[in-house]
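Residue numbers (UniProt numbering), protein chains in the order written: chain A, 1 to 522; chain B, 1 to 286.
Treat the hints loosely; a few may be bogus.
[Claimed, not checked] Between beta-carbon pairs, the in silico distance windows are: (1) A/Pro341 to B/Gly268: 33 to 43 Å; (2) B/Phe82 to A/Pro93: 25 to 35 Å; (3) B/Ser229 to A/Lys229: 45 to 55 Å; (4) A/Ser306 to B/Gly268: 31 to 41 Å.
[Stated by the list, open to error] DSSO-like cross-link-like pairs, simulated, lysine-lysine; straight-line CA separation at most 30 Å: (5) A/Lys221 to A/Lys202; (6) A/Lys167 to A/Lys514; (7) A/Lys99 to A/Lys378; (8) A/Lys475 to A/Lys506; (9) A/Lys159 to A/Lys76; (10) A/Lys506 to A/Lys167; (11) A/Lys346 to B/Lys67; (12) A/Lys97 to B/Lys67; (13) A/Lys99 to B/Lys67.
FYI, nobody ran anything at the bench for these hints, they're computed from the structure. We put the CB at the ideal spot given by N, CA and C, even for glycine.
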Amino acid sequence: MESKNVKLEKTLKEYDAGGMSRRSFLRTMATLGVATAVANAVAISPLGALNAFAAIKGAEDRAWELAKVAAAKATKKKLTLLIPTGSIGNMTPYAEKWKTELGIELEFIEEPDEVVHTKGMQEAVAKTGRYDVMMPTAMSYPDWIDSGVIYDLTDWTEKYDPELFNKEWGVVFPASHHAQLYNGRVAGLLNDGDQITLLCRKDYLEDSAKAKAFEDKYGRKLAVPDTWKEYYELAQFMHDPANGFYGSLEYRSPYYVKWMFMQRLVSKGMLYFDGEMNPTFNSDEGVAALEDMLAMNEYLHPDAFSFTWSSNYNAFGRGEGFMNIVWPSGFKYSKAPSTGPATTGKIAATVMPADFTKDGTKLYAGLFCWGYGYAVSKYSANPELSYAYAQWMTSPTISADAIPYLGGYSDPYRVNHMLKPTQRLIDTYSPEYLQTLYDNMVNTVPDFCLPGGFEYQDALDKEVHACMTGSKKPKEALDRAAQKFERITRRIGKDKVKKSWLSLAKNLADPIKKSTGADKWS
Amino acid sequence: MHDKKLSPVQTVIMGLALIIVLFPVFWILMTAIKPPTDWNASPAIWVPSEPTFVNFQTLFDPEALGKYGVGGVSQPATRAVFGSLLATIVSTTLSVFIGLFSAIGISRYGNNSKSTPLVILSGRMFPPAAIAVPFVIIFSNIGLIDSYTGLIAIYVAVTLPFSTWMLKSFVDDLPRQIEEAAMIDGRSKLAAHLTVTIPLIKGGLFATTMFIFILNWSEFMFALVLSYSNISTIPVQLAKYVTATAGTLYGVQAALAVLAMIPLVIVGYLIQGHLARGMTFGAIKQ
Numbered sequence: 001m002e003s004k005n006v007k008l009e010k011t012l013k014e015y016d017a018g019g020m021s022r023r024s025f026l027r028t029m030a031t032l033g034v035a036t037a038v039a040n041a042v043a044i045s046p047l048g049a050l051n052a053f054a055a056i057k058g059a060e061d062r063a064w065e066l067a068k069v070a071a072a073k074a075t076k077k078k079l080t081l082l083i084p085t086g087s088i089g090n091m092t093p094y095a096e097k098w099k100t101e102l103g104i105e106l107e108f109i110e111e112p113d114e115v116v117h118t119k120g121m122q123e124a125v126a127k128t129g130r131y132d133v134m135m136p137t138a139m140s141y142p143d144w145i146d147s148g149v150i151y152d153l154t155d156w157t158e159k160y161d162p163e164l165f166n167k168e169w170g171v172v173f174p175a176s177h178h179a180q181l182y183n184g185r186v187a188g189l190l191n192d193g194d195q196i197t198l199l200c201r202k203d204y205l206e207d208s209a210k211a212k213a214f215e216d217k218y219g220r221k222l223a224v225p226d227t228w229k230e231y232y233e234l235a236q237f238m239h240d241p242a243n244g245f246y247g248s249l250e251y252r253s254p255y256y257v258k259w260m261f262m263q264r265l266v267s268k269g270m271l272y273f274d275g276e277m278n279p280t281f282n283s284d285e286g287v288a289a290l291e292d293m294l295a296m297n298e299y300l301h302p303d304a305f306s307f308t309w310s311s312n313y314n315a316f317g318r319g320e321g322f323m324n325i326v327w328p329s330g331f332k333y334s335k336a337p338s339t340g341p342a343t344t345g346k347i348a349a350t351v352m353p354a355d356f357t358k359d360g361t362k363l364y365a366g367l368f369c370w371g372y373g374y375a376v377s378k379y380s381a382n383p384e385l386s387y388a389y390a391q392w393m394t395s396p397t398i399s400a401d402a403i404p405y406l407g408g409y410s411d412p413y414r415v416n417h418m419l420k421p422t423q424r425l426i427d428t429y430s431p432e433y434l435q436t437l438y439d440n441m442v443n444t445v446p447d448f449c450l451p452g453g454f455e456y457q458d459a460l461d462k463e464v465h466a467c468m469t470g471s472k473k474p475k476e477a478l479d480r481a482a483q484k485f486e487r488i489t490r491r492i493g494k495d496k497v498k499k500s501w502l503s504l505a506k507n508l509a510d511p512i513k514k515s516t517g518a519d520k521w522s
Numbered sequence: 001m002h003d004k005k006l007s008p009v010q011t012v013i014m015g016l017a018l019i020i021v022l023f024p025v026f027w028i029l030m031t032a033i034k035p036p037t038d039w040n041a042s043p044a045i046w047v048p049s050e051p052t053f054v055n056f057q058t059l060f061d062p063e064a065l066g067k068y069g070v071g072g073v074s075q076p077a078t079r080a081v082f083g084s085l086l087a088t089i090v091s092t093t094l095s096v097f098i099g100l101f102s103a104i105g106i107s108r109y110g111n112n113s114k115s116t117p118l119v120i121l122s123g124r125m126f127p128p129a130a131i132a133v134p135f136v137i138i139f140s141n142i143g144l145i146d147s148y149t150g151l152i153a154i155y156v157a158v159t160l161p162f163s164t165w166m167l168k169s170f171v172d173d174l175p176r177q178i179e180e181a182a183m184i185d186g187r188s189k190l191a192a193h194l195t196v197t198i199p200l201i202k203g204g205l206f207a208t209t210m211f212i213f214i215l216n217w218s219e220f221m222f223a224l225v226l227s228y229s230n231i232s233t234i235p236v237q238l239a240k241y242v243t244a245t246a247g248t249l250y251g252v253q254a255a256l257a258v259l260a261m262i263p264l265v266i267v268g269y270l271i272q273g274h275l276a277r278g279m280t281f282g283a284i285k286q
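So that you can see chain B by itself, here it is in the shape it has in the complex (with noise of 0.2 Å):
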């Protein structure tokens, strides 16, 4: 830790910079906290003078919002967070998992070609609105439209070339002599690279997770093209929150989009540690 203070006009560089960052964060919040009618008031309130949990109340119960005349909020979001918690949950474990074998495979046991890389990209390589009408054909001859056994089926398939390709370069970085150590101490390969490697790319490990779990969380197209009534994710339930009477409701969907953040901010805020390592490494080590 070096102890040099900031300058004035870093000071203020910085500050600056944390204004901008964290007004969308405070606006959110603010807005969250707003009866209906300061949502959209001119001039703009900034901080209400009468705070309410109201938003909040309407996630859960929908007539909550009807005290003040808005009517029309029909669902309430619980089943929009299960559905989240569950797809982004399931879908990043499997794809980190998948994708952290997968790149010990390319990196120790790969044969160089050059079109593997291009092969495992591909997929990202096409605008998901181009190939969500193909899944929706497959997945409902096959029984897995409006399921979340098909949402994370997709999930995975899309965010499985990201998990691979960062987490290889992870392990690309690691000195293969290292697991060779272990090997010789008489371990097996799976169990040098469970003991060995993914230890030491832990803080690779951790940032890959909470890319591919930003990626999930805030996942929006196919959840839409997918779902009918089974399944609901946060970002889909966002986009549902406009009523005839009132328009949209700012203050509702601020509510649930401060509801989103907490996930993001507790596991960035565990894994801070190992996230500023991991997105460092390679630069580190190259």
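So here's chain A without its partners, still in its complex pose (with noise of 0.2 Å):
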């Protein structure tokens, strides 16, 4: 009896030789038990089914068999998982056959995801082991990786290749670089595509009345907003208070109120830095995105101020609202009955808005915020073991898998999950929302993630938000949020920052590197 792989191995010969139809080529491919990710990215793949199925399941399968030896030498046949609270739908569906294929039962100990940080860097000085691997976001690489609680991956990485950096399989490029490295060395697998896009309602664009009144009034067709100043004229034209529908639903709130400044001001051309770690949000331009803040509070839903990421999404999904900004999650919730009533259908997604730098040039930035990824205690009893689940767990065929599952954060990070989508995640996205993640991706600028960076973020959002409410002015509250930046540098050192920051800064998208001038730090 012909075994699976010599008939698996026939089927991507016959395919390649052109004696087999794309449609029967993925029935049999189906037929063998191959993953609809992976039989889908072979099928289109230019390197030829042969070539591409070895190379797109490679990670998956160095992994496995990596797990398979570590598994076996293993005196403690456990896995513990520090996890965020709500991240485990898309972990679940393997514990089984790792269990029953590797004797390896997986622990998952789950956190409120605000403390996931704080109990990293309590296990640095409890050293209990009680970890094997833990999923923070990416703006604990550096103070995790500095406090010697997880390990560097860079070498295991280079043993296994993740597929970290494939073009048609790797993580988009530059989140590939700032959600994942710290200093330039593997610290974590990201797991995650943590991006802000924009959310529209289509049936208003469709409205034709609407369409005409607008078009009479703006003198440009009603669509999705380019630029941030017609994402300013939609959400006036749209406002419609007395029927319980606003403008926007974007955050004035503390703790998320600093990433919507964040996202202006990189669309303004400007970073948080300038090369020599000096802030420079308190320029002309960062007092310009508060005040176009200031000025959108008139048209925001009157939670503005109190949404949580999950209040946000209620309020949307109840059709309170024109525009939302929000995480692919907050997508996928507006997408399904259960969740969003009034938006399943009706929802056009685009890339952050553009904005105009100061040489009168049309930038496109995203903010690539949060993000969650897999990273290895030190303490563990396994650490290989716990590599090789984060590398097989994040594999371009396992992650497609993984991440349409209900009841987990993982969004779409790789680029074949969204140039090259499963059905499973065109069902659960949609072609033109995986397109558009993609499209904004590419020029997502990381969060803080340095040394210090919650603290940096904790400052902006502090000030950010007291300018919100009208207890400080915007410059008077930037400057404020500078000396405090200055402060952290200096009591975190500044040659250790400064480091981080030009390695960060060295990732971004090109048009972004020269409109901020980073292109020319050194």
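Take the two lone chains and join them into the complex the hints point to.
Below, the structure written as structure tokens:
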């Protein structure tokens, strides 16, 4: 009887030779138990089916081989994962396979997402070895690496190649660099493409009466906004508070409001620091960004000052606004009939609006904010097995399968997730939104993925919020935040933060580097 | 008992006060029986048209919410309820027991040193966040982290100053001649305190127990910091009811909050007579 591998090889060769249609190829691959993600990607790969199959499934296979060896050696037959509450849905479908095929039990320790960073820092002093794999956001890596609680994964990634930078199925650049590396070394493997994009109500855009009224008033077609000015005008036009319908739902609440500022700031061609670690957000661009936000306040949902991500999603899903700035999970939420009864089938998504730099260049810039990944604890009893788990879960094939599961934060982050999606990814998101995610992600700027990142972020957030509530003028708030930044930099050590900042800035998209002057930093 | 009736103005004010006080309880009760579609409805749904016990069911069967398309709840609350009961009952008993004898000791046999109150209260002078990390290090080294023994030890350490000082005020207010009379009758010091002092400050003892019970029952930070996976309590579990697909699970949180209220309501009801007496004891004596 022919083995499965022999059948697989024959099928691939036959397809390469042109002896099989794409449809029958996919059907045969499915019969052989090859995941749809792999089959799809292989079918359209320019490498040819045989080579593409070996390549795309390579990261998964290499991780599995390592896992088998490490599991056999392991004295502790359990992997313990520190994960944020609400993320388990992407992981549980595979626990049985690890148990039955490797004899390794997966134990998930859930903690509220706001304490995961603290739990990691706590482990740095407690050294309990209770965690093997830890799932922080990208901002945790610098502090965790410096405090010695997680491994530098570079040697493992060089040996087992998780295909992080592959052009066809690697993590989308530049998130591949700024959400996984610290000072050029791999600190974690990304498993969640957290970027913010703009959602609009398609049914309102397609309303002919509104389209005419809009064109009469603004002299252009009613469509998703291309610039922040257009975004403002659309919010103004659609704002209808008498009927409980508001121009936009973006955040003005503590903790979230900094991202609304940072997004606008980078769109104006300004980063958070210059090449010498001097804060730059208290510049004219920063003040203009805050003034834009103050002007928008008039057209925001009344709960904007208290929104959390979930209450924001709830309000948009109930049909209480025309636009929303959301993470990809917000799109999923609004698309599903159970959670977005008023928005299902009525969403037009677009990349974050562009703005103009001082020299008049139109700049598209997104923000990669949050973004979970897997790190390996230095106190793990089975570090190689832990690494194998991280690579296996984030491989192009398994990740494409894991993302659409309910009850997890994981959103598309690899090229194949967005440009060669499986049917399940398409059903969960939509081809248009996956393309939007890709178009936005290639222009993203990282969060404060620096030593002391959470402190910088918190200082900025408090001052921006103070400005939004009217207790500080824009310039005053930003100057105060800049003072706090300088203090944090001094305390942590300017050279240390600068090294990390320059390393981050080196991997920005070219238009952003050019506009911000980061292309000339050294 | 006086039979003077309330004036209409007093009745209105009392009614308003009751509405304000009971509104959160009403809202939690209603949210606990709302289906997910009603949790965040706007305008708010005050009383669910189709009440359900699915939120309570989810506490013990995490997949119950699946029928509403909400996945991602992974842990039943059973362990948290058990953990809260265990940690609270044991630590409250220990805290009140030790506090009672400390109070008698200070009140009856102390040297009236002014530094004693300061020393006892010093444990309460630091915000919990400031002392949590040192405890993590110490407990990690002695193997008490992620254990109920460690959590109970912390709870006793944190509440003992309260129990000591609350009970001391009750013992202080008791004329020592009553105990001396028992001793003249031939009772030992310990027997005199057990048979005279303690029964006479029963109201204060119940009030203190209730107060310490509430403190331990609602404690969040130490439980969060000292736990990995072996221990859990209700306040920590409440913070974990967030899923990627539905956000904060307000209904499930409310259901657990309702369960968390039950012991307090029962204990409060049973000791209400003593509670009133205990809380006003000092005032009457003064």
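Each hint, compared with the structure:
1. About 41 Å separates the C-beta atoms of A/Pro341 and B/Gly268, a value consistent with the hinted range of 33 to 43 Å.
2. The hinted range of 25 to 35 Å is satisfied by B/Phe82 and A/Pro93, whose Cβ atoms lie roughly 29 Å apart.
3. Between B/Ser229 and A/Lys229, the C-beta spacing of about 51 Å keeps the proposed range 45 to 55 Å intact.
4. Checked against the hint of 31 to 41 Å, the pair A/Ser306 and B/Gly268 passes, with Cβ atoms roughly 32 Å apart.
5. A distance of roughly 14 Å separates the Cα atoms of A/Lys221 and A/Lys202; the hinted pair therefore holds under the 30 Å criterion.
6. A distance of roughly 23 Å separates the Cα atoms of A/Lys167 and A/Lys514; the hinted pair therefore holds under the 30 Å criterion.
7. Restraint check for A/Lys99 and A/Lys378: the C-alpha separation of about 23 Å stays at or below 30 Å, so the hint holds.
8. Proximity of A/Lys475 to A/Lys506 is assessed by CA-CA distance (about 29 Å); at most 30 Å being required, the pair is judged to hold.
9. For the proposed pair A/Lys159 and A/Lys76, the alpha carbon gap of about 24 Å is at most 30 Å, so the pair holds.
10. Our distance criterion of 30 Å between C-alpha atoms is met by A/Lys506 and A/Lys167, whose separation comes to about 19 Å.
11. Among the hinted pairs, A/Lys346 with B/Lys67 is consistent with the structure: their alpha-carbon atoms are about 24 Å apart, no more than 30 Å.
12. Simply put, A/Lys97 and B/Lys67 have alpha-carbon atoms about 26 Å apart, close enough for the 30 Å limit, and the pair holds.
13. For the hint linking A/Lys99 to B/Lys67, the alpha-carbon distance of about 28 Å falls within 30 Å, and the restraint holds.
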